[in-house]
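J.: Each chain is listed here by its residues.
4 protein chains.
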Amino acid sequence: MSEMTIIEAGLRALAVETASWAYANSGTRFKVFAQPGVPRDPFEKIEDAAVVHRLTGAAPSVALHIPWDRVADYAKLADHAKQEGVKIGAINANVFQDDDYKLGSVTHPDPSVRRKATDHLLECIDVMDLTGSDTLKLWFADGTNYPGQDSIRARQDRLAEALAETYNRLGEHQRMLLEYKLFEPSFYTMDVPDWGTSYAHCLELGPKAQVVIDTGHHAPGTNIEFIVAFLLRANKLGGFDFNSRFYADDDLMVGAADPFQLFRIMHEIVSAGALDPEAGIAFMLDQCHNIEPKIPAIIRSVLNVQELTAKALLIDASALAAAQENGDVLGANEIFMDAFYTDVRPLLAQWRIDRGLDADPMAAYRQSGYDEKITAERVGGEQAGWGA
Amino acid sequence: MSEMTIIEAGLRALAVETASWAYANSGTRFKVFAQPGVPRDPFEKIEDAAVVHRLTGAAPSVALHIPWDRVADYAKLADHAKQEGVKIGAINANVFQDDDYKLGSVTHPDPSVRRKATDHLLECIDVMDLTGSDTLKLWFADGTNYPGQDSIRARQDRLAEALAETYNRLGEHQRMLLEYKLFEPSFYTMDVPDWGTSYAHCLELGPKAQVVIDTGHHAPGTNIEFIVAFLLRANKLGGFDFNSRFYADDDLMVGAADPFQLFRIMHEIVSAGALDPEAGIAFMLDQCHNIEPKIPAIIRSVLNVQELTAKALLIDASALAAAQENGDVLGANEIFMDAFYTDVRPLLAQWRIDRGLDADPMAAYRQSGYDEKITAERVGGEQAGWGA
Amino acid sequence: MSEMTIIEAGLRALAVETASWAYANSGTRFKVFAQPGVPRDPFEKIEDAAVVHRLTGAAPSVALHIPWDRVADYAKLADHAKQEGVKIGAINANVFQDDDYKLGSVTHPDPSVRRKATDHLLECIDVMDLTGSDTLKLWFADGTNYPGQDSIRARQDRLAEALAETYNRLGEHQRMLLEYKLFEPSFYTMDVPDWGTSYAHCLELGPKAQVVIDTGHHAPGTNIEFIVAFLLRANKLGGFDFNSRFYADDDLMVGAADPFQLFRIMHEIVSAGALDPEAGIAFMLDQCHNIEPKIPAIIRSVLNVQELTAKALLIDASALAAAQENGDVLGANEIFMDAFYTDVRPLLAQWRIDRGLDADPMAAYRQSGYDEKITAERVGGEQAGWGA
Amino acid sequence: MSEMTIIEAGLRALAVETASWAYANSGTRFKVFAQPGVPRDPFEKIEDAAVVHRLTGAAPSVALHIPWDRVADYAKLADHAKQEGVKIGAINANVFQDDDYKLGSVTHPDPSVRRKATDHLLECIDVMDLTGSDTLKLWFADGTNYPGQDSIRARQDRLAEALAETYNRLGEHQRMLLEYKLFEPSFYTMDVPDWGTSYAHCLELGPKAQVVIDTGHHAPGTNIEFIVAFLLRANKLGGFDFNSRFYADDDLMVGAADPFQLFRIMHEIVSAGALDPEAGIAFMLDQCHNIEPKIPAIIRSVLNVQELTAKALLIDASALAAAQENGDVLGANEIFMDAFYTDVRPLLAQWRIDRGLDADPMAAYRQSGYDEKITAERVGGEQAGWGA
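Residue numbers (the UniProt record's numbering), protein chains in the order written: chain A, 1 to 388; chain B, 1 to 388; chain C, 1 to 388; chain D, 1 to 388.
If you are wondering where the hints come from, they were derived from the structure by calculation, not from laboratory data.
Be careful, since some hints might not be right.
No distinction is drawn between identical chains; accordingly, a pair holds when it is met within one copy or between any pair of copies.
Derived BS3-like pairs (lysine-lysine); straight-line CA-CA distance at most 25 Å [unchecked claim]:
| # | residue 1 | residue 2 |
| --- | --- | --- |
| 1 | Lys-373 | Lys-102 |
| 2 | Lys-31 | Lys-102 |
| 3 | Lys-31 | Lys-116 |
| 4 | Lys-208 | Lys-116 |
| 5 | Lys-116 | Lys-236 |
| 6 | Lys-373 | Lys-208 |
| 7 | Lys-76 | Lys-87 |
Because the structure is a prediction, the values reported are computed rather than measured.
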């Protein structure tokens, strides 16, 4: 097969889901720098997401975050998406921004807070029903800041109970993804700190519960592609929240900090056949564009996923397997690196032209006038951010 | 000497400086949980700081943060402090919260932004003049998020220029402390990421520039007491921003995450004679009490510094030196640990009683009614936080 | 209950298992510093272990490492242990020191190497049968150094196969403990890098397979007590390989680097009732005394486990639970820290005297003349080390 | 300028120094896997180094390690190198393998051990005189394993004294490079743990003392290119010990773990004009080829440095500067990444052909028969390793 044929086959199904909140303002605890033209409501967020999809041809869905994207009429929102050419992706629950949640949500010592939090999770499934989303994504900020503050084990019991109730509410074609995170905003314990914890709960819950890997949520030195391979083998990988990081949960553009790592991750996906939509792996972005303009940053991120996936597709699988079997350490590594060092950008430009897209989506966006348009039009109202 | 004599001599001069902003609301990028009774202006912050000093006898000064603590009449603020029994400590500059500073302050590519930032640093020296503070504390959020975003080296040139101008404005009895931080809010480079960078700039600037160590600003595995010892030997340690952490810059109460580390740090201070006020080491707290009540958390922190210092004072220095000289690894370690495992709390309780203080400052605060008072009185207005 | 009563009840069953190889020479890749008096064979190692037990009353078993402790007559070795007053503990397999294992043992691409490695694991069960040991401890150095070198997933398949065969060979009252390690000696992937991987395999294998936690085998920032709590709740914790570290797998004396962490770990054990021998948790040391004399270092380590366990026992569980339920962050933390800061050494000295032991085992060892004796007697022959 | 012209100009002077000990056996503390054909003496090591240079045209010097490469007649060794087409590079001192050095060398509490260690450093300058080497490279394993074991500060005093004596012995055209390392083999403190420590000592010593950066010797998250930029600006960068790592000091082939990092490092070199030999930056390899064949691994490493340097040379410096000045975060990053993603291998193949080299040095080595030759010939004697 030619390189082009391989890439075409591989990328045909690659869909990167963008996140509604990434089009909104974000920042650090030190400062949120507002940007001009930022959406003021979920409808405008979807319009921005649609631009990304029109230019890349690879971002057909957009995830929502409840309550940030709470609307009176979810059917109308889903319809708006459809008209814009995208669909509603995962519904992300948010149980970390009410004052009640200071010491936890589903793991809070107070049963009434747990009830409230679990009810919110159930509400998110309602939103799934209304928008046609098939995926509930759960991330819990729950944890403690000080040794002794609460019982690690009791919190696991409470977590398991809330997850079970939520799981049981899922419809036949719905699933839940359980995210993990090492730290932040809790600084001593997180109640779901690592993939093992998420995996164990998902296993207990059943086949509709799967682990989601946020690439920025690990301890230094963690080998993420190992986790990918392990979960694929165990049939428990639900998807990714892509971003990149140098230190902690930096939420930079995916592929920006360590493109070789993204390549290695996508190699595990490719070699397990998990690019196939049947595998059900959701490739989602979860990033914060604190200082760079948001829409082009998201386009760049989609392209990065595409490019590194294309490189991974070019690995000569049979030659690699032969070298591995022979214990040829340098030979196997060389085959691996050869694909990484291949410049796939001309192939991808052609791939876009073949699909009626602009060969260079970044340039196309700059020339589209969309940025000037939203800057001019989105005046007044309140810009969307993490708080609303 | 009896243990009590040793501790009395050592603690006589130990002054822990609390931070005005730690009495205000703080949080993570995910949520700031407001607390009842939080001060609404710098005067109320000083009143809280005074409570901490009255109960502990060891927190006689309070640091300000400009512009968070900007007032029309700084002399009045200093006078208020004096009447409350405390004094104004370090003046902390803030060049990270204006929209102009999105890509940096003193290292920004645009000279007009650099001018503005440097002018703010000079303004802070004005505040020092007006409040009688002798210490300017500089921390820069400056840095970049993406490789290639800016020239690492050019930013150093700009930094050096701004520091030099600021240094030259210092009065005869004023000094500047240059803080460093590995990451956050910048995620690829920080312009002053480590002690080496701060040290090199301070050396170039002159004797009035010194390094300040924030105990939460290091890479995993960094041996902080080594830095303490090294800077003391080089006569370039200006002080500490104390807090504790399990992961990144968690800003938990000092001593809460790793009390043994605090003990080791204080051992370096003690063994270099740097508890002596002549040594000019500023022992400052820089913490975020996101989920715990602020005033008692700060009392607890002051007590932690006292307790671990007392333990460090109890190390049998001559026995330790002898064991070290003999290469007796286990013996030296045992002498060291013996002091750490000694329960100094009864001695410190007596120490307080001797000074007319309550033996248990935490209990005394609970019984003082102050918490109920501020909760009742500080209604209306806007609570202070990092944004105001 | 008095503190003494609490400690007596708690420590009654605390047995720390020492490791035969810790009495032998060890070092880093840069240098092994030989020490005088080091054992030359497994019999002498057991004699040293017996000394530790006689002095502490808390180290009744000694783990073996095969082939380092391979002998012609295992029954004789077990009998020797019995006469010395100790028994044989866990049997540790070693599949990392033959030239065949350069690219792996049970996960090697070559089936004949896998066969050899698995046969060794089975041999270790034979040794268990012969020595009366009920525990097989498995640690695999297996992994890769370079991306692409081998298939992460295929290696998991091979691992699972070898584990299953070994599991099936276990006798009715035997169990296997599966250790994990983040890195070293493999530097890109380890085939069992984290607790999640070990847990997943053990779950699949069955109730006789459990996870063992080596406290030095984690990524920076990992919260070990969370893992302890989680595995206890899941009934999958088999025991510990205790040691301490500042950076990587430093293998220092347990409690030396971060005594507060050891306290937190033992709190999870205590609060789950897992000090009870019925819980089946093996408290083993796995340390390298590279520069300090070995026997006293091991005595010190046993004492550290005892002391930190005693502190954990003193936590006022009902007061803690009440504070936790009330969301009293500072109150709960204060109860927790109160126990940590209590000096338990006088209580433990009394505890020893009550049992006919010397109050100070470290001093007792120094005065025993044992060190002089072995230095004089163990001359000639080849000192034991990791290679033999 | 064409890409080829740029690369030719940039690579003309790029000389990668290989290390004599990398041709010898190495391993971890768990096992050294011997390889066939490994040199048995310094002469054979030089022959292997010469092969690497003949095939790459870019490795004209080889570093020695004393006493591993101690010979009776150094002039003869230098002459052998010359005849083989290479020259002697840096002389590396070794003060960590004598039994005396268990607790340190130049920082040891015992003055007689310090004397011995310093004498060895002076001996290395003798070797420089005899071999024509102009560079002394110092790395100290010195440090402590346990808190309290020795005085951090006293050890700095001792270090400074030994460095000064050594510095004063340097000839007019000789220099010393001071290496730093976070940890291993010492696990609590290292006496030169970070670049700041090395920098401070070098500054005190004078212009002939410079910092050398081993890319594997940093804490997790350290931004190495920042250090490069900073030291170049301060005129204190002497060179690199190149290798790569995922976790600690893994000593893998440079560029293997994170090629993008190597690119960023070389960008700092290129943009400071420090590829120019006048800049005096030594580009040295310091790696351990534990499981892969050594000579081809070293060839691969030289190629990696060349390739990533070539990519760095292709960065459009003026476009980058313009984007940086405009604060165009995404634009600047895109220019930066464009160079990284360019496949320079065809250009480098042509570059080699133009110089009479084989286009593919890896293949050329495989076909050369050298491996078969040394495997057949180097039989008997003792293979070189770290111990000899």
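J.: Does each hint fit the structure? Answer for all of them.
T.: The hints, checked one at a time:
Only between protomers do Lys-373 and Lys-102 lie at most 25 Å apart by alpha-carbon distance; the minimum there is 23 Å, versus 40 Å within a single protomer. In this homomeric assembly, Lys-31 and Lys-102 come within 25 Å of each other (Cα to Cα) both inside a single copy, at 21 Å, and across copies, at 9 Å. Taking the shortest alpha-carbon separations for Lys-31 and Lys-116, only the inter-copy value of 18 Å comes in at or below 25 Å, while the best intra-copy value is 30 Å. Taking the shortest alpha-carbon separations for Lys-208 and Lys-116, only the intra-copy value of 23 Å comes in at or below 25 Å, while the best inter-copy value is 40 Å.
In this homomeric assembly, Lys-116 and Lys-236 never come within 25 Å of each other (Cα to Cα): the closest approach is 28 Å inside a single copy and 32 Å across copies. Taking the closest pair of Cα atoms, Lys-373 and Lys-208 never come within 25 Å of each other, the shortest separation being 42 Å inside a single copy and 52 Å across copies. For a Cα distance limit of 25 Å, the shortest separation of Lys-76 from Lys-87 inside one copy, 12 Å, qualifies, whereas the shortest one across copies, 60 Å, does not.
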